Amino acid sequence: MHHIEVTINGVLRRAEVPPETTLLSALRDSWGLTGSKLGCDVGDCGACTVLVDGLSVNACLLLAVQADGREVVTIEGLSGFEYLHPLQAAFERLSSYQCGFCAPGMIISAKALLDENPAPTELEIREALAGNLCRCTGYTKVVDAITEVCRDHANAVGVEESA
Amino acid sequence: MRSFEYITPASLDAALEVSTRNAPHVKLLAGGTDLLVELKHTANGPKVLVDLGRVPELKGIEETSAGLRIGAMVTHTEIMESRLIAQHAPAMIAAAVTIGAVQTRNMGTIGGNLVTCVPSLDSGPVLVALDALVTVAGAKGKRQMPITEFFVGPRKTALSPDEILVDILIPAVMLGRPASFRKFGLRKGQALALVNAAASVAVEDGRIADTRIALGAVSPTVIRALQAEAIVTGKNVGDTAALREAAEMAVTEARPIDDFRASAAYRRELIAVGTFRVLEEALAGATAG
Ligand SMILES: Cc1cc2nc3c(=O)[nH]c(=O)nc-3n(C[C@H](O)[C@H](O)[C@H](O)COP(=O)(O)OP(=O)(O)OC[C@H]3O[C@@H](n4cnc5c(N)ncnc54)[C@H](O)[C@@H]3O)c2cc1C
Ligand code: FES
Ligand code: FES
Numbered sequence: 001m002h003h004i005e006v007t008i009n010g011v012l013r014r015a016e017v018p019p020e021t022t023l024l025s026a027l028r029d030s031w032g033l034t035g036s037k038l039g040c041d042v043g044d045c046g047a048c049t050v051l052v053d054g055l056s057v058n059a060c061l062l063l064a065v066q067a068d069g070r071e072v073v074t075i076e077g078l079s080g081f082e083y084l085h086p087l088q089a090a091f092e093r094l095s096s097y098q099c100g101f102c103a104p105g106m107i108i109s110a111k112a113l114l115d116e117n118p119a120p121t122e123l124e125i126r127e128a129l130a131g132n133l134c135r136c137t138g139y140t141k142v143v144d145a146i147t148e149v150c151r152d153h154a155n156a157v158g159v160e161e162s163a
Numbered sequence: 001m002r003s004f005e006y007i008t009p010a011s012l013d014a015a016l017e018v019s020t021r022n023a024p025h026v027k028l029l030a031g032g033t034d035l036l037v038e039l040k041h042t043a044n045g046p047k048v049l050v051d052l053g054r055v056p057e058l059k060g061i062e063e064t065s066a067g068l069r070i071g072a073m074v075t076h077t078e079i080m081e082s083r084l085i086a087q088h089a090p091a092m093i094a095a096a097v098t099i100g101a102v103q104t105r106n107m108g109t110i111g112g113n114l115v116t117c118v119p120s121l122d123s124g125p126v127l128v129a130l131d132a133l134v135t136v137a138g139a140k141g142k143r144q145m146p147i148t149e150f151f152v153g154p155r156k157t158a159l160s161p162d163e164i165l166v167d168i169l170i171p172a173v174m175l176g177r178p179a180s181f182r183k184f185g186l187r188k189g190q191a192l193a194l195v196n197a198a199a200s201v202a203v204e205d206g207r208i209a210d211t212r213i214a215l216g217a218v219s220p221t222v223i224r225a226l227q228a229e230a231i232v233t234g235k236n237v238g239d240t241a242a243l244r245e246a247a248e249m250a251v252t253e254a255r256p257i258d259d260f261r262a263s264a265a266y267r268r269e270l271i272a273v274g275t276f277r278v279l280e281e282a283l284a285g286a287t288a289g
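As you go down the protein sequences, you meet chains A and B in turn. To convert, note that position 10 of the first sequence is 10 in the working numbering; the numbers rise steadily by one, no gaps. To convert, note that position 66 of the second sequence is 66 in the working numbering; the numbers rise steadily by one, no gaps.
Worth flagging that the hints you see were computed from the coordinates, not collected in a lab. Treat the numbers as computed from the prediction; the structure is a model and nothing was measured. This list has only true hints and no planted wrong ones.
Covered stretches of chain B (in silico footprint by chain A; criterion: 3 or more residues with CB under 8 angstroms from a CB of chain A, positions within the stretch not fixed): (1) 34–44; (2) 48–56; (3) 98–106.
Glycine included, every Cβ here is placed at the ideal spot set by N, Cα and C.
Go ahead and model the full structure; you've got the sequences and the hints to work with.
Put into structure tokens, the structure is as follows:
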């Protein structure tokens, strides 16, 4: 067993895990954070996407021991009890998901994109989401939701600048 | 996944020591995007897993008098963001952006890509076109070899089981040489190459003084299309007919197979189109500046 300490959504968490445990299993089974999903288990679908030190990765292909000492952000880290992250709110408003299985990974990938590039083109959005597969809704409404968040953000910044 | 002992050495010597001591029951872990998939599907995994993530000698991109050195643990994302690579070997970026998706590129390393050595590996052709050298380290010391000798066959390299790939060197004479890369897949996003191709050219006084053409996914490992190169070298820059002739020649030099992704006949079409386009693009780069 390995003792690991990982900062998850700003909170330092500890666990004892066998070395073959993936970060995804540790998140779901050791820490009860079931927002990140197990889809394909081989890096194809992106349902398990989380941020590690700010970069999006497939938590099914990272060992929990590799995350020792690092900072992880999962879908649970984006919202509180009282509010949703703007991406979550836009996904909900535009019905950008049906079953919702892909949504946590999609939203984390979208956050990774917007953290780097707050005004992406449609092509940049689609490229940023190439590793996130959706089997029911399709991608148009996902792109629409992200575009709307960027527009709202740009308007808000514009208002601040002109004030 | 079968259980294993997990070790994180903090130096190349320590990594070599644990892997030699535990050979052959040892596996090296880089980004894990190939290895973890493999370990999840095999009944007998390694007894010891050596994580190379904390070995400083395998990291970083730097310019030396010998050329541009790229550590084996450099990720595809780091390649895409490197100013040195953008300046000296931008075709490497054109190849890196086509690998998997953002998540794959954030985790996956160039070293892992080369060692896995599938015939379609996307970092391969540009490195062959730029005449790259690789350095490997073993218990008896380091050795350096041309990348074409490193690639032996499908999933087979010149590494012996107790060796570690340390870095890749683009020789100084190749820095800034116009080069290009093209990949053809079934989709744009997250698809393995049906065919990939790269070319580099040296132009002197409007004449093509040197040409290198590399093709992937069409033979057991990345190949150079030597006869196609010979057609182009010596010709004038605007000689489109020579490029067409070279493209047809490249088709005869490859041995594409039929599989569930594409037929050999379709791959032959792609080889011709791909060879023509990489030559055209490399030459456009040579005459642009
Ligand atoms: C969804 C998905 C999409 C992909 N798409 C592409 C694609 O489009 N194009 C492409 O070319 N590849 C693709 N790949 C394959 C893979 O991502 C790349 O080959 C990647 O670069 C592998 O690097 P890694 O660091 O993850 O290697 P790992 O999985 O960590 O290691 C791979 C192998 O190399 C060995 N190894 C690693 N580093 C060293 C070293 N320094 N010395 C000696 N041995 C070493 C390991 O022991 C292992 O056997 C894809 C993979 C996934 C999961
Ligand atoms: S579950 Fe990790 S990519 Fe599909
Ligand atoms: S909403 Fe069901 S997979 Fe995307």
